[in-house]
Each structure stands twice: as C-alpha cells, then as structure tokens.
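Student: Chain by chain, the residues run as shown.
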Amino acid sequence: MQKRWEIDSAGHQDVTKIRLNIFAKGLLLISLPLVFTVMLVALLFRAQSESADAAWWQTHTKDVLHLAEEAYTHAIESHSATRAYILIGKDSNFNEVAEASMKEATAALDKLATDTKDNTEQNGRIQTAIDRLRDFDHWLAGERARVGQGDQAGAIEQVRSRKGVVHSEAFNEAIDSFKKEEERLDTIRTAAVQRARQVQRVTLISGALAMFVVSGAALLVFGKSVAARVGVLTQNAGRMADGRELLPAITGTDEIAQLDEAMHAASAKLATAAESELLFKRELERRADELVRANESLRQQTQENEMFVYSVSHDLRSPLVNLQGFSKELEFAGQELGETLADERIPADVRKRAQQVIDSDIKDSVRFIQTAVTRSASIIDSLLRLSRAGRVVYRPENVDVNGTVKRVIDAMRGTIEMKGATVKAQVLLPVWGDATAVEQIFGNLIGNAVNYLDASRPGFIEVGMLNGGTPDRARMRTYYVRDNGLGIPEAHINKVFVAFQRLHGDVAKGEGIGLALVRRIIERHGGRASVESTVGVGTTFFVSLPAEARSEGEAELKGSSESSIASSSVVADEARGTALKDGNGARGGAGATKEPAGAVI
Amino acid sequence: MTTFAGQPVNIILVEDDDGHASLVEKNLRRAGVMNGFLRLKDGQEALTYFVETDQFCKDCDTTSCVLLLDIKMPKVDGIEVLRRLKQNAPTATIPVIMLTTTDDPREVEKCYQLGCNVYITKPVEYETFVDAVKRLGFFLQVVKLPPNGKK
Chain A
1 MQKRWEIDSA
11 GHQDVTKIRL
21 NIFAKGLLLI
31 SLPLVFTVML
41 VALLFRAQSE
51 SADAAWWQTH
61 TKDVLHLAEE
71 AYTHAIESHS
81 ATRAYILIGK
91 DSNFNEVAEA
101 SMKEATAALD
111 KLATDTKDNT
121 EQNGRIQTAI
131 DRLRDFDHWL
141 AGERARVGQG
151 DQAGAIEQVR
161 SRKGVVHSEA
171 FNEAIDSFKK
181 EEERLDTIRT
191 AAVQRARQVQ
201 RVTLISGALA
211 MFVVSGAALL
221 VFGKSVAARV
231 GVLTQNAGRM
241 ADGRELLPAI
251 TGTDEIAQLD
261 EAMHAASAKL
271 ATAAESELLF
281 KRELERRADE
291 LVRANESLRQ
301 QTQENEMFVY
311 SVSHDLRSPL
321 VNLQGFSKEL
331 EFAGQELGET
341 LADERIPADV
351 RKRAQQVIDS
361 DIKDSVRFIQ
371 TAVTRSASII
381 DSLLRLSRAG
391 RVVYRPENVD
401 VNGTVKRVID
411 AMRGTIEMKG
421 ATVKAQVLLP
431 VWGDATAVEQ
441 IFGNLIGNAV
451 NYLDASRPGF
461 IEVGMLNGGT
471 PDRARMRTYY
481 VRDNGLGIPE
491 AHINKVFVAF
501 QRLHGDVAKG
511 EGIGLALVRR
521 IIERHGGRAS
531 VESTVGVGTT
541 FFVSLPAEAR
551 SEGEAELKGS
561 SESSIASSSV
571 VADEARGTAL
581 KDGNGARGGA
591 GATKEPAGAV
601 I
Chain B
1 MTTFAGQPVN
11 IILVEDDDGH
21 ASLVEKNLRR
31 AGVMNGFLRL
41 KDGQEALTYF
51 VETDQFCKDC
61 DTTSCVLLLD
71 IKMPKVDGIE
81 VLRRLKQNAP
91 TATIPVIMLT
101 TTDDPREVEK
111 CYQLGCNVYI
121 TKPVEYETFV
131 DAVKRLGFFL
141 QVVKLPPNGK
151 K
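Same order as they appear, the protein sequences are chains A and B.
Per my numbering, the very first residue in the first sequence carries number 1; after that it's consecutive.
Per my numbering, the very first residue in the second sequence carries number 1; after that it's consecutive.
Be careful, since some hints might not be right.
Unchecked claim - Here are the computed lysine-lysine pairs in the DSBU-like style, where the Cα-Cα straight-line distance is at most 30 Å:
| id | chain 1 | residue 1 | chain 2 | residue 2 |
| --- | --- | --- | --- | --- |
| 1 | A | K363 | B | K26 |
| 2 | B | K86 | B | K75 |
| 3 | B | K26 | B | K86 |
| 4 | B | K110 | B | K72 |
| 5 | B | K134 | A | K363 |
| 6 | B | K134 | B | K72 |
It is worth saying that the hints were derived from the structure and are not from the lab.
Chain A with its partners taken away, still in its complex shape:
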C-alpha cells in the first residue's frame, strides 16, 4: 500500500520518481492480493502442521499410556499365575502362563523405553519400572522353582509372607508415577491440539478478511488512479469532438497522462487550425466581396459605356439628319437649276457649261455625301444595336431552340438556295434565356456561316449540340454551328468577337457587329462563346447557354433597371430591325395601347 500511495502522490509531490505504466499498475493490482494469498496459505500450512504435530503427540501419549497399562496388566497376570502354580502344584501349566505373561510385560516396558527416549524423566521412570519388574520376576521365578523342587509348603510360606505383594506394589508405584506424568502430558497436548486448531481458524478468517480488504483497497486506488483519469480522458475526447475547451491536464506519467497530453496538443493544434481556417474564411469572404464589388463596378462601367455609346450615337444622328436632309435639298436644288437652265434666254454655251456642273460635279458630290451619310448612319445604327444588346431587359423563359433554329433557317432559305448550300440541324434541346436574344445568336451564327461559305465547294452547315445536349457541371448546354466555309486565319481568330472587325469585307456587307452582339448576348446569359477554325476547311462556333433556370443567372438576365414595358418596345424593335433600316419611321406599333398612332400608321 505504501508503494501505491507513492504512485498516486507522485504527480502532486513530484518527489517520488517511480514511473509505472498501466501494465505495471494492473500487475500490482493482481499481485498484491496474490501475495496476501500466498502469505495466508503459508500461515495456514504452518498452523496445519502444528496442529498435526500436536495431534501426533496426543496419539503418542495415548499409545504410551496403553502400553503402560498393558505392562501392568501382564505383570499382575504373571503374579496371579505364579500364585496359582504355588497353590495347585507342579502338575499345572501355570508356570508357563506366568513366564509368558512376564515376557509380554517386559516387552511392553522395553517398547515404552524405546518410545520415551526423547523424555529422560519418563525414560528414567520406565527404567525404574523395568528394574522393579525384574526384581519381581526374579522373586516369582524363585518361588516357582521352589515348587518345582517339591517344596510347595515353603513356597506357600513365602507367599504368605507378602513379599510378592511388596514387589508388586513397588512395580505398580513405578508404573503409576509414569502414568501420572504421561497423563499430565496428555492433558497439555490435548490443549495444544485445540489451540492449534483455534489458530488455524483465526488465521483462515483473518486472512480472508485481509484479502478482501486489500483487494478492495487496490481496486479503489486503481479506480482513482486509472478509471477516474480514463473518465476524464473520455470526457476530453468528447469535448475535443465538440470543439469545446478541454479539462485541465491529467496528472501522472503513465499512458493515460501521455494520451491526455497528446490530446491537449491535438486540441491546441485543432484550435490553431480552426483559427486559421476562420482567418482564411474571412479572407475568402473579403475577396469574394471584393470580387462582387469589382463585378458590380465592371457591370456599372459596362452599362455606363453602353449608355455613353448610346447617347453619343444619338448625338451623332442629329447632324446626320442635317447632312442627309440638306444633301437632298442640294439634289432638289440641282434639279430646279436644271429646269431653270431650260430658259431659252440663256446662251447655249452657258447652259451647256452649267448643265455639266450640275450633272457631274454637283450630282457626284451629292452622291458621295449621301453614301457617306448612309454609311455613317449604318455604323451608328450598329453601335446602337450593340449598346442595346447590353441594355435591353431580358425576359428569361424556356426557349425552344429547335423551333428557333428552324425559323432562322427558313428565313434564310432564299440565300441558302442561291448559294446551293445544305443546312442540317439536329434535334436541339431548349435553353433558359431570352427568346429574341437566342434567336439573334443563331441568326447571326448561321447567317455568318451562309455568308462566308467557300464558293469552290458545296456549302455544308450543321447545327448541333455537344455531348448530346447533356449540361456540364455549370449546367450549361453547348451548341455548335459548323461550316465548311472560308475559315478564319489564326492571326484574326482572336478578333472575331470584337466589334467592327471585318475579315471578308468584300464577301458580305455589314459593319462587323454580329459576332460582338452574339458574344454580348451570351455573356449576359452567363454563357461562353468560342470558335475553332482552319482556313480552307471551315469554322465551328460554340455557344454555351444555361440549360435551366438559375437564381444568379436570372439576376444577370434581368440586368438593368429598365422597366419591362419599356423593354418590350425595344425587343420588338430589335426583332424587326431598327426604324432607320426598315424605313419605318413611326414607332407607335411597338405598344398595343397606343391606339391613335396605331390607327394612323
């Protein structure tokens, strides 16, 4: 127990340097009661052997007493037989009986002498008894001899003299004194046996009790030293799992303490990790915020740019109106001048000269001005369309791409047939987007493909979907428009989506706005546009658009702050082309509610 106490107090006092692991503690727990058991068994064994000794001595005493009694009895028998011989005479066989009895008595005494060698006192008493018996026997044998010689009367005289009784009593006295001593010893030895048994019992009971107590104490100490700490350990494990603070460190140097220490270290690391994770998270949030802000400012800038382009385009229109109008006035003036020249009062040479000026100089100049104005108007129109693509409010819906592409192809049927081209469209799955915008995308792409076919081979255009229309991880569906047309040189391929970049200016007319428009529309749908091309082989345009409605996608699609009613007129306008192009000056048809205008136009 002393040792155990030291183990427990080691942590507190830090004096005892006994380092015990759990195994040693368990061993102690088992071995302490075992030691006690061994001790108890030894004690019991000793008590047992003592008790056996005492019992042996008791039996020995009883045997000795028995032998003494036997010797006495045989001596008396010999005495009696001798007297009978004397009285009856020599014809009887009592002489032999007396001799035999005496022999037995002597043998018993001899055995007693051997048995009591260890006790000098008793041995001495036995020797005395032997001596006296010898004297007795001697007298008895003498008297029997007298009878044998015929002197029966002398022998009877001798018997009467009581000499035999004296001998007998002397012997009896010796035996009695021996017996008394032996009986005393017997009493003592019986008591010893009882005492030994008592000791045995007490040892057994107290040993069992002690073992019980020791085992209990060992368990108690083990419980305090191991079980309680394991409990703390378990709690700590639970706390660590929950991310709470751990209980104070467990004292001690064994595996439990080590485990607890490791757990504290792990917890500290975990706390550090959590802290740095929090920092990372905050940093990430900050970056995300920055990104959102940057995105927002970019969006605003784009919007501002588009607003700027829009208002500049409109401001440019104002002088164009004058240019166009007054060039027309000049034309009219020229006509009027020509009519005026018809006056006969004007000399023929003057008229001729003036007519030349009107016909070539003025007409040519006016024509050039008008061409330039038309071209400027067309550029401004393109700019307006481009800026409108970014500003117009989308109405996202499920768009039937299949039908849209069919409509686009049908609208181009004439051109396609004229070029002798084949246009093939797969069955196309729908997208989530603005129907008009989606039509613009395919209109531009297919239109481009048709326009820039290679005249040296039969044109072939294919519209399809990548991966069978399976949306990618960003839930985007990718379509392609593939042609076997002229192709785009590598040096130019990076500019195809940039506005006013025209590669084949001579092949088809336009301002080079179509692909820029396509890109802007796709961007606003959250998608991507890309192109692959080989000169002389053909070009493939890829377009990815949302396969289904998305919360953030919708937010982007809804875009600017314009009201949806306002947008409808623009959408309608986009759909049928600008007023300038169609020559449709009045815009009243845009809204069904504008009855007066609708009625007039």
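Assemble the complex: chain A is given as a structure, and chain B must be docked to it using the hints.
Tutor: Then chain B, alone, in the frame of chain A:
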C-alpha cells in the same frame, strides 16, 4: 417666330436645331402641305407660347393644329413641355408628334404615358418622316393640300 403670312397657324414645330427646322418645313412644303407653320426655338419658348401667354389662342384653335415636338433641347426639354401642355386644360387636346433622334425605350414609354400621339425617330431618310406627318395630318384633318397637289 416665323409664320406663313396671312395663314392661321396649323403646324407648330418646337426644334432647337435650325437645320432640322428648315428641313422639316421644306419637306412639308415640298410634300404639298400648305398649312400655316410656326417654329419655336426651344422648350422655354414653347411654354411661353402655349402656357404662360395667350399667344397660342390668338393664333389658332386646339382642334386644328398639330405640334411637332423635339425632345433634346436646351433649357426645357420636350418631355417637360409635353407634361405641361397635357396638364394645362386649353392645350391638353392638341395632338402631339414627338420628333426626335432619341429612340430610348424609356423616353418613348414616358412620352406615350404623358399622352403624345405619335413618336417618330428623326430619320436620315426624310421621306418616311414626311409620310408620317402627312398621314397623321390627314387623320386629324389638319393638313391642307392644294386642290391639284404639287409634289
């Protein structure tokens, strides 16, 4: 202010750009529109003419005139003029044609909400414009053409 001498004013143009004003008038005349014509140089002048003085009532009556109104003008813009005219009872019934380079859908919508009759984007090709004015004029029975119309 320029008016056709001796004629009641039937067509009023509010336009800050002299060139545009001249072209509008020339083209209307060439197209044979013979109505009296008045040009006001900006929104403020228009407000003075219609609302702040009784000049308008002296020149013509509301049932027989058309207003061509530009939007982008200094001082007071066309939309403000339109709003004030529609709020002002004597002028509220004048038919108004918005005539402007701006085809901003928000502007278009605003003008219709304020009560303009037609919104015309100023074209580079003038014929369409004249056509529109003529059609509206005929509809309103304002436009007067000479008996054997001269183009």
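Student: Confirm or reject each hint.
Tutor: Comparing the hints with the structure gives:
1. Between A/K363 and B/K26, the direct Cα distance comes to roughly 20 Å. Compliance with the 30 Å bound is thereby established for this hinted pair.
2. For the suggested pair B/K86 and B/K75, the alpha carbons sit about 19 Å apart, so the restraint of at most 30 Å is met.
3. With a CA separation close to 29 Å, the supplied pair B/K26 and B/K86 stays within the 30 Å bound.
4. A hinted pair counts as satisfied when its Cα atoms are at most 30 Å apart, and B/K110 with B/K72 qualifies at roughly 14 Å.
5. Between the alpha carbons of B/K134 and A/K363 the distance comes to roughly 29 Å, so the proposed pair stays at or under 30 Å and holds.
6. Our distance criterion of 30 Å between C-alpha atoms is met by B/K134 and B/K72, whose separation comes to about 23 Å.
Checked against the numbered hints given earlier, the structure satisfies every one of them.
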